[in-house]
Amino acid sequence: MDFSSYALDGFYDELFEAPGIPHPGARLLIEKLGSLSESELQKRHQAAELALLNMGITFNVYGSGAGVEKIFPFDIIPRIISHADWTYIEKGLKQRIQALNLFLADIYADQKILKDGVIPRHVIDTAKEFLRPCIGLSPPKGVWCHIFGIDLVRDQDGQFYILEDNLRCPSGVSYVLENREVLKRVFPQVFAASHVRHVDDYSAHLLNTLRSLAPSHVASPTVAVLTPGIYNSAYFEHAFLAQQMGIELVEGRDLAVADGFVSMRTTRGFQRVDVLYRRVDADFLDPTVFRADSTLGVPGLMEVYQNGHVAIANAPGTGVADDKVVYAYVPRIIKYYLGEDILLPNVPTYLCWEDTQRRHVLENLDALVVKAANESGGYGMLIGTHATQTEREDFAKRIVQNPRNYIAQPTIALSRSPILVDDHFEGRHVDLRPYVLYNGEDIYVLPGGLTRVALKKGSLVVNSSQGGGSKDTWVLYDDSDPFFPVLNQSQIQL
Amino acid sequence: MLSRAAESIYWMSRYLERAENVARFIEVNCHLMLDLPIAVKGQWEPLVLTTGDQDLFYENYETDNQANVIDFLTFNAENPNSILSCLRNARESARSIREIISTEMWEQINKFYRTVQNTDKSQAQNAPHAYFTDIIMASHLFTGIQRNTMSHNEAWQFARLGRALERADKTSRILDVNDYYVLWPEVEDVGTPFKNVQWSALLKSVSALEMYRKHFGPIDPHNVVNFLILNREFPRAIRYCLFGANQSLHIISGTPEGSFKNTPEQLMGRLLAELDYASIDDIIASGLYAYLDDFQTHLNKIDTAIFETFFQICPPGE
Chain A
48 MDFSSYALDG FYDELFEAPG IPHPGARLLI EKLGSLSESE LQKRHQAAEL
98 ALLNMGITFN VYGSGAGVEK IFPFDIIPRI ISHADWTYIE KGLKQRIQAL
148 NLFLADIYAD QKILKDGVIP RHVIDTAKEF LRPCIGLSPP KGVWCHIFGI
198 DLVRDQDGQF YILEDNLRCP SGVSYVLENR EVLKRVFPQV FAASHVRHVD
248 DYSAHLLNTL RSLAPSHVAS PTVAVLTPGI YNSAYFEHAF LAQQMGIELV
298 EGRDLAVADG FVSMRTTRGF QRVDVLYRRV DADFLDPTVF RADSTLGVPG
348 LMEVYQNGHV AIANAPGTGV ADDKVVYAYV PRIIKYYLGE DILLPNVPTY
398 LCWEDTQRRH VLENLDALVV KAANESGGYG MLIGTHATQT EREDFAKRIV
448 QNPRNYIAQP TIALSRSPIL VDDHFEGRHV DLRPYVLYNG EDIYVLPGGL
498 TRVALKKGSL VVNSSQGGGS KDTWVLYDDS DPFFPVLNQS QIQL
Chain B
6 MLSRAAESIY WMSRYLERAE NVARFIEVNC HLMLDLPIAV KGQWEPLVLT
56 TGDQDLFYEN YETDNQANVI DFLTFNAENP NSILSCLRNA RESARSIREI
106 ISTEMWEQIN KFYRTVQNTD KSQAQNAPHA YFTDIIMASH LFTGIQRNTM
156 SHNEAWQFAR LGRALERADK TSRILDVNDY YVLWPEVEDV GTPFKNVQWS
206 ALLKSVSALE MYRKHFGPID PHNVVNFLIL NREFPRAIRY CLFGANQSLH
256 IISGTPEGSF KNTPEQLMGR LLAELDYASI DDIIASGLYA YLDDFQTHLN
306 KIDTAIFETF FQICPPGE
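Chains A and B supply the protein sequences, listed in that same order.
Per the working numbering, the very first residue in the first sequence carries number 48; after that it's consecutive.
Per the working numbering, the very first residue in the second sequence carries number 6; after that it's consecutive.
If you only want the chain B side, here are some residues facing chain A, beta carbon under 7 Å, derived:
1. Met6
2. Ser101
3. Arg103
4. Glu112
5. Asn115
6. Lys116
7. Phe315
If you anchor each label on the Cβ, the simulated ranges turn out as follows:
8. A:Ile118 <-> B:Gln317: 27 to 37 Å
9. A:Ile118 <-> B:Pro240: 35 to 45 Å
10. B:Ala132 <-> A:Ala65: 54 to 64 Å
11. B:Tyr294 <-> A:Ala94: 45 to 55 Å
12. A:Gln158 <-> B:Glu109: 48 to 58 Å
13. A:Glu85 <-> B:Asp40: 49 to 59 Å
14. B:Met142 <-> A:Ala94: 20 to 30 Å
15. A:His264 <-> B:Pro240: 46 to 56 Å
16. A:Thr342 <-> B:Thr268: 21 to 31 Å
Hints in this document: simulated from the structure, not taken from any laboratory.
Nothing here was measured: the structure is a model prediction, and the numbers come from that model.
Yeah, the Cβ is synthetic: ideal placement off N, Cα and C, and Gly gets one too.
Could you build all of it, start to finish, from the sequences and the hints given here?
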């Protein structure tokens, strides 16, 4: 199957620099795809899907009855990122996680940034995820966010932008690791020849990060993943990560607080837990402090945490940085704490709580994307260019009623990458979610990330709940690196 | 290990063993019906009676013919003991301990469930032998994978414990069917070719016919009962199952066999000692069915004790 009929339609393409001309790093892949027949490619595609199904890599669909599972749709054509692009992204992400951590430490303590007027106080006071019980907390080593997921997009010119921050419980990394497993089976030779950086030591890095949070007197800390349970849409990932790290997967009901420590119920009695990687929203962690109706948490957990007898990653309270209004201030946050200009830019953002900006938004709804400050998964969002008049009017009303809760951004012509559609290839819009780990000293950026793809033609929404799928993401080594193992290209059988 | 995880793997095992047994009962009954005289054909109700789900059955079906019973025992989602329900429960349990079992185990249980869930139901009706044999083999494959890909650690011992207890229970129930089977032979009733077919079928339903023949030779009801209750080498004999269950309990607690530290060990040790010194003539003389009922009561007590000792512990001070 060749790419002769593949059209770029004026979008930036992740594999092609011009019609028929692949980016240098994608050349081998495109040649290989060109040499495969349609049936061979379909066969590999089906084998990949079956592998995912048999691995049980499914997510639960909310509100559609019990036991409804879908596999996260998967496209076998990888997305490729050059070494130069990745170096740039990495720098930008490191800068961002450092600044956001300083920001979190500040607003839950002295709030200097508010006193200095860099962020208006009311923005934080009205932020839904600003958790007052967290004021005065001092997480181990002063780090609030240890695991950071960032949504990146690329526009028509190929420039990367940060679209959203995920400092609560970023999910999706298990798909990165499993997609890679599958792709290695599907295209082993091209994979070997393309010099792709490996991703499979993510769990080792994650475990090290988590262990480093344990109280210093604990020689061999017990670390556990805290999950809401098997009906959570990301349960597969919770179990997967616990398995990869070789640690316990616990639910709230497995834990109890006694004598000032958190313990888990085992067949030999209670055993102390030192570090929790929580995949439960902060609101549900402790019914005595947060939501009283939560059955997913552990009564008394926060008190143990305050006393430094258990570490929690990410710290409760980090969600305030996911607020899309706070996001708009990140360039100023970076400047304020680091004295640097932002490396990896935000998408220009209009704040609806400001009168002049709101007026501009309301007048240009047909050209803008409007987002609710605290929603994710593609919900609570209006894409003005694709919306109907009624939908736009509905959003205008919501904005006027609650301006603090909305932001707007210009519609970005997201970059595209080819996917397999029946007997040919077509371009579809993609984003990228890299993952960053931070233990207070070192920052690890997983070389790759989750490439989400809007499988529907023309769609700009890549979320799995809205018909999105995923691709493997290949970050390439620097071929000029003298330490890179040199492969003789002519010996590689494609 | 976590109590919840121990409970999940215990039940995962029990459900899988249950599904396999149901498949074997159906398969053997299909064969038996082919060999019986026309006048006494159509004995399908006893299969429903063995699991005690007759009320549920008659709420859903009018007659106890082959098609209905197979449907009820294989696919019916309301029947908690149908093969599909057992596999669904086993898979849900496995899902909650994904990080404890091996990936190979998870993939097999997942494939197993999906295969039965997506079956064209007519296959089970039209070619029952092939269909149910596949189910039995899928279960064997799982136990083999479990034995060879998972460390024989505490979790594994809980899996073995669950499977052994479920298996002992099922073997006792298949011996107990006389209460239900109008045509099932009395223990004293032997010699006619017709009866021999039935005793052979009983052995086949626990995959024991060949091993029985090697051990005892000709079919004799006393020997069949002896083999299925007291044999120390056949993996579906009650004595063998309890021996394994007892071993697992002691490995879990670290207590030497022959002593006890908790209630399950105490109850199990007592039951096992009773079997160790039992004589088959005494069992039959005192009434086989009363004996089996009593045995099942003991098993239930052990199950409850396991729950209280390992799965449902309370924090200090509660």
